[in-house]
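Visitor: Below, each chain spelled out in residue letters.
Number of protein chains: 2
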Amino acid sequence: MVTLDFYYDFGSPNAYFAWKALQGVSARTGLEVVMHPVLIGGIFKSTGNQPPWQAFGNVPNKMKYMQLEIQRFIKDHNLTAFKFNSAFPVNTLLSMRAAIAAQQAGVHDVFYPAVFKAIWEEDKDISQPEVLAQLLTDAGLDGAALVAATQTAEVKQALMDATQACVDRGAFGLPTFFLGDEMYFGKDRVWQIEQAVKRA
Amino acid sequence: MVTLDFYYDFGSPNAYFAWKALQGVSARTGLEVVMHPVLIGGIFKSTGNQPPWQAFGNVPNKMKYMQLEIQRFIKDHNLTAFKFNSAFPVNTLLSMRAAIAAQQAGVHDVFYPAVFKAIWEEDKDISQPEVLAQLLTDAGLDGAALVAATQTAEVKQALMDATQACVDRGAFGLPTFFLGDEMYFGKDRVWQIEQAVKRA
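Protein chains in written order, with this note's numbering: chain A, 1 to 200; chain B, 201 to 400.
A hint or two may mislead.
Below, in silico cross-link-like pairs of lysine-lysine (BS3-like), each with a Cα-Cα straight-line distance of 30 Å or less [claimed, not checked]:
{"#": "1", "chain 1": "A", "residue 1": "Lys-198", "chain 2": "B", "residue 2": "Lys-264"}
{"#": "2", "chain 1": "B", "residue 1": "Lys-324", "chain 2": "B", "residue 2": "Lys-283"}
{"#": "3", "chain 1": "B", "residue 1": "Lys-398", "chain 2": "A", "residue 2": "Lys-64"}
{"#": "4", "chain 1": "A", "residue 1": "Lys-198", "chain 2": "B", "residue 2": "Lys-275"}
Facing chain B, from chain A, some residues (calculated, C-beta under 8 Å) [to be verified]:
{"#": "5", "residue": "Gly-48"}
{"#": "6", "residue": "Asn-58"}
{"#": "7", "residue": "Val-59"}
{"#": "8", "residue": "Asn-61"}
{"#": "9", "residue": "Lys-62"}
{"#": "10", "residue": "Lys-64"}
{"#": "11", "residue": "Tyr-65"}
{"#": "12", "residue": "Leu-68"}
{"#": "13", "residue": "Val-167"}
{"#": "14", "residue": "Gly-170"}
{"#": "15", "residue": "Met-183"}
{"#": "16", "residue": "Phe-185"}
{"#": "17", "residue": "Asp-188"}
{"#": "18", "residue": "Trp-191"}
Sample of chain B residues facing chain A (criterion: CB under 10 Å; computed from the structure) [what the hints assert, rightly or not]:
{"#": "19", "residue": "Val-259"}
{"#": "20", "residue": "Glu-269"}
{"#": "21", "residue": "Asp-388"}
{"#": "22", "residue": "Trp-391"}
Quick caveat, the hints were computed from the structure, so don't treat them as lab data. Ideal Cβ positions, reconstructed from N, Cα and C, are used throughout, including at glycine.
Given only the sequences and the hints, what does the whole structure look like? Please build it.
Guide: Laid out in structure tokens, this is it:
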């Protein structure tokens, strides 16, 4: 079975789009996607990069095209549940630490779909501890314990370490993928990943 | 027959890559590609954008990934003749004005492949009038006349007008393509263009 390492932060709508689109790739090819929580702000800080809405905020034609590509991706992949988050850009430090805590508790595979859905389908402000705890509880997890765990030094350090490891592999933004050692960046590389998996 | 408007500047290696890759799309689908010379520097100035090697010059991971994508594109499309130009970034004001002159003289379809080949396969410095004139003459055109025409007010103005028209359509960089009113940006959209042509 071919495995894809998928580095994500809930704050990136393109990570949500890629995650949804990759479900189709997995269905068609058997690709196994392994989700790795990292902090996008940490990647930007560490690499000198910045988010596209900041880098291109003064280039209206580019901003318009980015919106067009999002609409095209939504249409091509029939992502009708997507709703832009009204709190964007959302501070994801809490939710990414909670993702690490969920990994450590062995519940990450239930955790991350619930949070992606909350931020990019249900317009929830996942930076609020009570909002995050409630949606995790609704997903059948121990929301209070996962939110409490975000304040431990161990979880804080583990998120920093995971983020640095991602940068060390070559990332400069998210979503970033590795198929073996081959790096791919951005939602628009999903088709290339599918081609590469089919060739493998 | 489906027609693609392709806005190019010789200074963009990605325009060369896309031009080569689109030859395969045309062979497979019958797509007609119409090449439109514009000035990339004018687009950047007019839109507030900047070239990627400038925007991301201080983000080593991003620069490395851009190189990786170039190598991947070369491999995927078997573009073995490509050679990076040692004069990069090349000033293309002369060659893009000459492209306009070639359009006016009805020889643009002979002109642009010769110049793309010179800059991205033969490492020629096409910013030098004598180099440009010679390679055009070698391609069977009146190189001296085309280079001389670049100094006319009419040609200078026509390039400015073409560039502004491209920006007015939504461009912020090159290569930019329009399939009807649908805009696509960058060499990596060639596959999407092929999909769209096949659906049309």
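Visitor: Hints first: check each against the structure and report whether it holds.
Guide: Here is what the structure says about each hint:
no. : hint                  : verdict
1   : Lys-198/A x Lys-264/B : holds, 26 Å
2   : Lys-324/B x Lys-283/B : holds, 10 Å
3   : Lys-398/B x Lys-64/A  : holds, 26 Å
4   : Lys-198/A x Lys-275/B : holds, 17 Å
5   : Gly-48                : holds, 5 Å
6   : Asn-58                : holds, 5 Å
7   : Val-59                : holds, 5 Å
8   : Asn-61                : holds, 4 Å
9   : Lys-62                : holds, 4 Å
10  : Lys-64                : holds, 6 Å
11  : Tyr-65                : holds, 6 Å
12  : Leu-68                : holds, 7 Å
13  : Val-167               : holds, 7 Å
14  : Gly-170               : holds, 5 Å
15  : Met-183               : holds, 6 Å
16  : Phe-185               : holds, 6 Å
17  : Asp-188               : holds, 7 Å
18  : Trp-191               : holds, 6 Å
19  : Val-259               : holds, 5 Å
20  : Glu-269               : holds, 8 Å
21  : Asp-388               : holds, 7 Å
22  : Trp-391               : holds, 6 Å
Of the numbered hints given earlier, the model fails none.
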